[in-house]
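Visitor: Chains as they are written, first to last, in the working numbering: chain A, 1 to 200; chain B, 1 to 200.
It should be emphasised that the hints constitute simulated quantities derived from the structure, not laboratory data. Note that beta-carbon positions come from the ideal geometry of N, C-alpha and C, so glycine has one too. Everything hinted at is true.
Here chain A is said to cover these stretches of chain B; the calculated rule only asks that three of the stretch's residues, wherever they fall, bring their Cβ under 8 angstroms from a Cβ of chain A:
1. 65 to 72
2. 91 to 103
3. 126 to 134
4. 139 to 151
With a Cα cut of at most 27 angstroms, we get these calculated BS3-like pairs of lysine-lysine:
5. A:121 / B:190
6. B:67 / A:67
7. B:14 / B:67
8. A:190 / B:121
9. A:190 / A:14
10. B:14 / B:47
11. B:52 / B:15
12. A:121 / B:47
13. A:67 / B:47
14. A:47 / B:67
15. B:165 / B:121
Here's the letter readout for the chains.
There are 2 protein chains.
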Amino acid sequence: MKILIIGGNGTIGKKVTSYFADNNEIIIGSRTTGDVTVDITNSDSIKSMFDKTGNLDGIICIAGEAKWSDFNDLTEEDYYIGLNSKLMGQVNVVRIGKNYLNQNGSITLSTGILADDPVVKTASAAMVNGGIHSFVRAVALELENGMRVNAVSLGMVEDSYDKYKDYFPGHNPIPMNKVINAYVRSVQGKINGEIIRVYD
Amino acid sequence: MKILIIGGNGTIGKKVTSYFADNNEIIIGSRTTGDVTVDITNSDSIKSMFDKTGNLDGIICIAGEAKWSDFNDLTEEDYYIGLNSKLMGQVNVVRIGKNYLNQNGSITLSTGILADDPVVKTASAAMVNGGIHSFVRAVALELENGMRVNAVSLGMVEDSYDKYKDYFPGHNPIPMNKVINAYVRSVQGKINGEIIRVYD
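From just these sequences and the hints, can you work out the full model?
Guide: Okay, here's the thing in structure tokens:
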């Protein structure tokens with residue numbers, strides 16, 4: 001399969017890329033250092049990326065940011081960081097990417113446990129993740145030609161444990177082999193419109 | 001209690017208003033015809049509304065719109081209708097409204113069954129509702145002084161049956177007394193951070 005992995009150089013992305021690279025043609029999309037560069041807050045940049053990749057069998061998006069801050073400090077503008085990046089960035093990857101997807105191709109988005117089980121400082125980040133969950137379920141009703149869309153929703157991952165552990169008291173880190181398997185389930189399975197939750 | 005009902009003149013709002021008016025001081029917020037006018041897509045307008053209402057014991061928001069259309073037809077701009085109105089409008093009602101809320105006061109937002117069980121044409125509308133669900137759960141972790149926030153998520157309501165029935169094949173209309181009770185549970189109960197689902 002020919003698979004685009006947006007964010008394929010990130011903490012999670014590089015593990016996912018490493019797995020799929022064994023048996024597939026991989027194109028890495030990244031803000032600065034990938035095979036193709038992309039600013040996912042900009043739909044023209046997304047379109048331009050897909051023009052360069054050409055048709056694909058799989059699109060994986062492990063990209064997008066949202067502002068973390070105490071609820072009392074989050075400004076209206078802060079919320080739009082997440083809305084324009086992790087939320088609409090991923091929406092636009094589906095909206096535009098479906099036109100470059102081969103029959104039976106899949107799109108896999110990335111969210112996280114905050115959607116279901118938020119922690120302090122995540123009013124914006126949780127909101128964005130929850131929005132993607134409902135979006136994925138809705139879009140799956142309308143995709144054609146066997147195309148599928150799913151989201152992988154991970155708990156705090158092992159490789160980010162040191163960075164995030166203080167924000168997630170009592171959360172158990174998710175081993176990277178389970179992280180990889182969540183993406184494999186979406187890309188190589190037949191499921192559509194599912195939220196693949198990997199929590200522990 | 002002194003309760004602001006934004007959208008208190010709408011299909012659902014007027015039934016909710018009618019119930020609470022029996023034993024409470026009600027202020028209706030509306031785009032054009034309420035006791036106070038408000039454009040919930042505009043945070044300055046929201047602030048100005050709360051300056052007029054003064055401190056409150058309860059805030060109910062039954063307002064906000066999102067674009068319904070086939071996924072293939074929804075433009076990037078179409079998504080921002082819902083993001084700016086039903087999503088960020090309600091976020092801003094909480095963000096600003098909490099500063100006008102008395103101790104132990106409650107804020108009740110409105111979403112809908114699309115968040116959990118979308119239908120065709122609702123990629124944007126479902127997304128907005130799902131985002132609010134996660135937002136409510138996250139914010140509830142951080143509110144102070146006994147303040148509470150919940151969301152009422154309704155199935156297709158009886159009073160909108162004729163308008164929406166073709167969009168919701170097989171959905172059972174929710175009787176208006178159950179609709180009212182969902183808001184009562186949030187305002188008069190003690191729950192915090194809950195999604196009050198009324199589906200049938």
